[in-house]
Amino acid sequence: MKIYDRVLDGLPGEKTLLLGNEAIARGFVEAAGGVAATYPGTPSSEVGDTLSEIAARGGFYFEISVNEKVALEVAYSAAISGIRSFAFMKHVGLNVAADALMSTAYSGVRAGMVVMTADDPSMFSSQNEQDNRHYAELSHLPMIEPSTPQEAKDYLIRAFEISEKLAMPVLFRTTTRVSHMRAPVVMGPKEDRLALMGTYPGHLAHVTLPSYSIKSRKALSMRISHAEVISQQTDLNRLEVYGDGEYGFITSGSAYNSLVDVIKSNSIGAEVLKVGMSNPIPENRIASFLMSHEYMFVVEELDPYLEQKVRVIAQREGIPALIHGKLDGTFPEEYEYSADVIEKALAAPLKLNIKPRTAPAVLQQIPPRPPALCPGCPHRATYYAVKRAVRMSGLNNVTYSSDIGCYSLGAYEPFEMADVLLEMGSSLGAGSGLGKLTDSRVVAFVGDSTFFHAGIPALINAVRTGSRMTLVVMDNSTTAMTGQQTNPGLAYDGMGNPSAQMSIEEIIRSTGVGSLETADPYDLKTFLPAVLRSLKSEGVSAVVARRECAILRDREIRKKGQMPVYVVDTKKCALCMNCVTNFSCPAIDIKGGQIAIDPDLCDGCGVCAEPMVCPFRAIVSGERNGI
Amino acid sequence: MEYNIIIAGVGGQGVVTLGSLIAEATMDAGLNVVMSEIHGLSQRGGSVSVDVRIGDVRSPITPDGSANLIIGLEGMEGFRMLGKANADTLLLVNSRRMTPVYLGIRGKEYPDLKEMAKAVGGTVRILFIDGENLAREAGSERAAGTALLGAALAMHEIPVSENNVNSALSRRFSGKILALNHKALDLGMRYGAQLLKGSNVPVPTGKP
Ligand code: SF4
Ligand code: SF4
Numbered sequence: 001m002k003i004y005d006r007v008l009d010g011l012p013g014e015k016t017l018l019l020g021n022e023a024i025a026r027g028f029v030e031a032a033g034g035v036a037a038t039y040p041g042t043p044s045s046e047v048g049d050t051l052s053e054i055a056a057r058g059g060f061y062f063e064i065s066v067n068e069k070v071a072l073e074v075a076y077s078a079a080i081s082g083i084r085s086f087a088f089m090k091h092v093g094l095n096v097a098a099d100a101l102m103s104t105a106y107s108g109v110r111a112g113m114v115v116m117t118a119d120d121p122s123m124f125s126s127q128n129e130q131d132n133r134h135y136a137e138l139s140h141l142p143m144i145e146p147s148t149p150q151e152a153k154d155y156l157i158r159a160f161e162i163s164e165k166l167a168m169p170v171l172f173r174t175t176t177r178v179s180h181m182r183a184p185v186v187m188g189p190k191e192d193r194l195a196l197m198g199t200y201p202g203h204l205a206h207v208t209l210p211s212y213s214i215k216s217r218k219a220l221s222m223r224i225s226h227a228e229v230i231s232q233q234t235d236l237n238r239l240e241v242y243g244d245g246e247y248g249f250i251t252s253g254s255a256y257n258s259l260v261d262v263i264k265s266n267s268i269g270a271e272v273l274k275v276g277m278s279n280p281i282p283e284n285r286i287a288s289f290l291m292s293h294e295y296m297f298v299v300e301e302l303d304p305y306l307e308q309k310v311r312v313i314a315q316r317e318g319i320p321a322l323i324h325g326k327l328d329g330t331f332p333e334e335y336e337y338s339a340d341v342i343e344k345a346l347a348a349p350l351k352l353n354i355k356p357r358t359a360p361a362v363l364q365q366i367p368p369r370p371p372a373l374c375p376g377c378p379h380r381a382t383y384y385a386v387k388r389a390v391r392m393s394g395l396n397n398v399t400y401s402s403d404i405g406c407y408s409l410g411a412y413e414p415f416e417m418a419d420v421l422l423e424m425g426s427s428l429g430a431g432s433g434l435g436k437l438t439d440s441r442v443v444a445f446v447g448d449s450t451f452f453h454a455g456i457p458a459l460i461n462a463v464r465t466g467s468r469m470t471l472v473v474m475d476n477s478t479t480a481m482t483g484q485q486t487n488p489g490l491a492y493d494g495m496g497n498p499s500a501q502m503s504i505e506e507i508i509r510s511t512g513v514g515s516l517e518t519a520d521p522y523d524l525k526t527f528l529p530a531v532l533r534s535l536k537s538e539g540v541s542a543v544v545a546r547r548e549c550a551i552l553r554d555r556e557i558r559k560k561g562q563m564p565v566y567v568v569d570t571k572k573c574a575l576c577m578n579c580v581t582n583f584s585c586p587a588i589d590i591k592g593g594q595i596a597i598d599p600d601l602c603d604g605c606g607v608c609a610e611p612m613v614c615p616f617r618a619i620v621s622g623e624r625n626g627i
Numbered sequence: 001m002e003y004n005i006i007i008a009g010v011g012g013q014g015v016v017t018l019g020s021l022i023a024e025a026t027m028d029a030g031l032n033v034v035m036s037e038i039h040g041l042s043q044r045g046g047s048v049s050v051d052v053r054i055g056d057v058r059s060p061i062t063p064d065g066s067a068n069l070i071i072g073l074e075g076m077e078g079f080r081m082l083g084k085a086n087a088d089t090l091l092l093v094n095s096r097r098m099t100p101v102y103l104g105i106r107g108k109e110y111p112d113l114k115e116m117a118k119a120v121g122g123t124v125r126i127l128f129i130d131g132e133n134l135a136r137e138a139g140s141e142r143a144a145g146t147a148l149l150g151a152a153l154a155m156h157e158i159p160v161s162e163n164n165v166n167s168a169l170s171r172r173f174s175g176k177i178l179a180l181n182h183k184a185l186d187l188g189m190r191y192g193a194q195l196l197k198g199s200n201v202p203v204p205t206g207k208p
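In order, the protein sequences belong to chains P and B. Taken in order, the first sequence gives residues 1 to 627; the numbers are from the numbering used here. Taken in order, the second sequence gives residues 1 to 208; the numbers are from the numbering used here.
Looking at chain P on its own, in the form it has when it is part of the complex:
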């Protein structure tokens, strides 16, 4: 059985090895959720990848929305119509959805609604490591935090229950190490309820006009105090004792896992209060916990969110416990907490006997290997051609404004074509400003999915303000970075059903840009002149660089049983090094003083064989020995 089928069909009591995100999908199934909506983003994407596979058979609706805000609104619309709904996204996605989120607390819901935020301490795949627990405080919504895949599944169901008790959405926060941790999960029963059946009865609370919101605010206060009672009693907050329990620890999420490992391996006598409901926190329980320990450590990743609250409780109740956390410098303020980090921080206060270790010297000889565009990636050809075109155009004041996607990697060598990159859609927003307010000509790079997500309003702004910008839409016909999901430019939806397809060209044309071209970056001969023309145009101009993601193309040609490969004719190769230094496909390297193409890596795109990359025509189509 495929893992997706196991998520859907697994019987109660069965133990399955699941990724945190797969366990969350299972939790949704067990809770008999009816509607799920998302915009893909690491580390949350596999929830959607799983739901997408099982939605049709599981009898629920799954949508990959145009962006996180719409995903949240779609889930909300279900929840006010009596359908259990789930919106999930990465932490910065919640910024996009925040406007809607804030008012849901006032509006309330009629069926369980859970909003998941997947935070990314240490920024494995993100532009920042913001701590989204603050959203719980800001929105007054309850927040639940699991530490393991098992808890991720179980707590999601609890989150739905709490949401229904309080008639308001519940936030559900994971981090990369929880979402991307794989561990055994014992399946539970599926709730016996109709997943999809809703009518919207209409209610004034759902209309957030000031005159209604002023009343809802009181109702919200009632819900919050009810939530405090729940937090006080729930076993989502639990106490664990190790050894003689001398030291007190308050922790949550992923930090809990690392902390317990440190406690055990150093035989620390500890009592651990694991906070699974982090908004509102169980104040009375924390107060009595503080009273029973002289030394208290608050171990949490990112901001001193719990610590500040704990300190307030201690001060208010006059409890003399010595509290250690980030605010007194015991624990670092940034990055994820591995056992190593926690052990180091506890070494001095607990007098742990830790052998100092030094990193082996050879590590310095190992060259870095940051992520790179795949062999055959169309973006490589696009960057290569745009860089040349800019040089040929004679423009000497070009600013590259980039965006979020695989193509962000254009910031690295050899292209180094990102001067500014903030968030989804910023290529066009920041580009609009730079092209208007500075003497630069802006070249903005945006992917198809990002264009739909947040690029369109910024494009409108750029055209209206008369910004000097050339927009390059890198349309690879997928949302590649997060795992090749669909987007509005494609003719199928999140469940694989046919859907309306948006034309990027029609949208751009309707804004009134100065010029618009579409070209295939694999065909450098026609692509480069198109970019050149576009650079010469006044105001905002656009080039749609259309060529599907190499991973999709691979799948197609593999199916057909052909897999072309390119080789270097060493007799013709003049060792000019252009292909390795300026084009830098990972399949091409230098071996024994010769250029060589690794047949296992080569994707057969043929771009390196173009005279613009290999002027000596030394790269030629070759034979592959067996696929």
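No wet-lab data here; the hints were simulated from the structure. These numbers were taken from a predicted model, which means no experiment stands behind them. Any given hint could be a false lead.
With a straight-line Cα cutoff of 30 angstroms, these simulated DSS-like cross-link-like pairs (lysine-lysine) come out [unchecked claim]:
#1 B/114 x P/559
#2 P/15 x P/2
#3 B/118 x P/591
#4 B/183 x P/15
#5 P/591 x B/108
#6 B/183 x P/2
#7 B/197 x P/591
#8 P/572 x B/108
#9 B/118 x P/355
#10 P/264 x P/218
#11 P/571 x P/591
#12 P/525 x P/536
#13 B/183 x B/197
#14 P/2 x B/176
#15 B/183 x P/560
#16 P/559 x B/183
#17 P/344 x P/355
#18 P/15 x B/176
#19 B/176 x P/591
#20 P/559 x B/207
#21 P/2 x P/190
#22 P/560 x B/207
#23 P/571 x B/108
#24 B/108 x P/560
Using C-beta positions, here's what the derived DEER-type ranges look like [what the hints assert, rightly or not]:
#25 B/122 x P/246: 38 to 48 angstroms
#26 B/118 x P/592: 20 to 30 angstroms
#27 P/555 x B/162: 31 to 41 angstroms
#28 B/208 x P/615: 37 to 47 angstroms
Anything over 10 angstroms on all C-beta distances counts as not near chain B; from chain P, calculated [claimed, not checked]:
#29 11
#30 59
#31 138
#32 147
#33 285
#34 368
#35 433
#36 477
#37 553
Backbone N, C-alpha and C fix where the C-beta goes; we use that ideal spot for every residue, glycine too.
Based on these hints, arrange chain B with the ligands on the given structure of chain P.
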């Protein structure tokens, strides 16, 4: 009991697949297991590693110096994990070499790993194994990870059995692919057993 395995390689090499195969076999063996995976941007042709932690542990991140076994599906990526190794660690280095574009851009070639192993100076047990050829003998170099796992099973006290791995393979693959993975595991185990015994072990030829 605690046993930590790290699989290191380059994004796209099947690092996560091999890790979860071991994790499944471990679960079959009735032991607790947690594993960290890498998804998203870092997967695109960059350094990737996953930890498979077996036994009484909670965090999926192996502490520095605590790896029992490191399998480098790509040569230098195995070495990159040395900070996690200690004097009892076994580092198996596959024969696959992938030059990072960082080197090509600077006109440099792949470093000599044998020299690097000398520089480590016996503080860690490092073995070079031609996993690619062992797997070719089984039918496809794509099963190199399985062959290396076989060698590791024969040489180190991984708390999973050959049977556990074989049944985890059966759940994952079928037909030809399954058969060649079974075979790669077996060839790897034999090879590992030979390495344990003696010095003059023939180098795998890659001929099926
Ligand atoms: S996944 Fe697709 S778009 Fe992303 S780098 Fe690879 S080929 Fe390019
Ligand atoms: S054909 Fe050339 S550019 Fe394309 S994948 Fe192969 S080596 Fe790379």
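Okay, the hints, checked on the actual structure:
no. : hint                              : in the structure
1   : B/114 x P/559                     : violated (40 angstroms)
2   : P/15 x P/2                        : holds (15 angstroms)
3   : B/118 x P/591                     : holds (22 angstroms)
4   : B/183 x P/15                      : holds (28 angstroms)
5   : P/591 x B/108                     : holds (9 angstroms)
6   : B/183 x P/2                       : holds (23 angstroms)
7   : B/197 x P/591                     : violated (35 angstroms)
8   : P/572 x B/108                     : holds (21 angstroms)
9   : B/118 x P/355                     : holds (25 angstroms)
10  : P/264 x P/218                     : violated (47 angstroms)
11  : P/571 x P/591                     : holds (15 angstroms)
12  : P/525 x P/536                     : holds (18 angstroms)
13  : B/183 x B/197                     : holds (21 angstroms)
14  : P/2 x B/176                       : holds (18 angstroms)
15  : B/183 x P/560                     : holds (28 angstroms)
16  : P/559 x B/183                     : holds (25 angstroms)
17  : P/344 x P/355                     : holds (10 angstroms)
18  : P/15 x B/176                      : holds (28 angstroms)
19  : B/176 x P/591                     : violated (34 angstroms)
20  : P/559 x B/207                     : holds (27 angstroms)
21  : P/2 x P/190                       : holds (19 angstroms)
22  : P/560 x B/207                     : holds (27 angstroms)
23  : P/571 x B/108                     : holds (21 angstroms)
24  : B/108 x P/560                     : violated (37 angstroms)
25  : B/122 x P/246: 38 to 48 angstroms : holds (42 angstroms)
26  : B/118 x P/592: 20 to 30 angstroms : holds (22 angstroms)
27  : P/555 x B/162: 31 to 41 angstroms : holds (33 angstroms)
28  : B/208 x P/615: 37 to 47 angstroms : holds (41 angstroms)
29  : 11                                : holds (16 angstroms)
30  : 59                                : holds (26 angstroms)
31  : 138                               : holds (27 angstroms)
32  : 147                               : violated (8 angstroms)
33  : 285                               : holds (22 angstroms)
34  : 368                               : violated (6 angstroms)
35  : 433                               : holds (26 angstroms)
36  : 477                               : holds (17 angstroms)
37  : 553                               : holds (15 angstroms)
Checked against the numbered hints given earlier, the structure breaks hints 1, 7, 10, 19, 24, 32 and 34 and satisfies all the rest.
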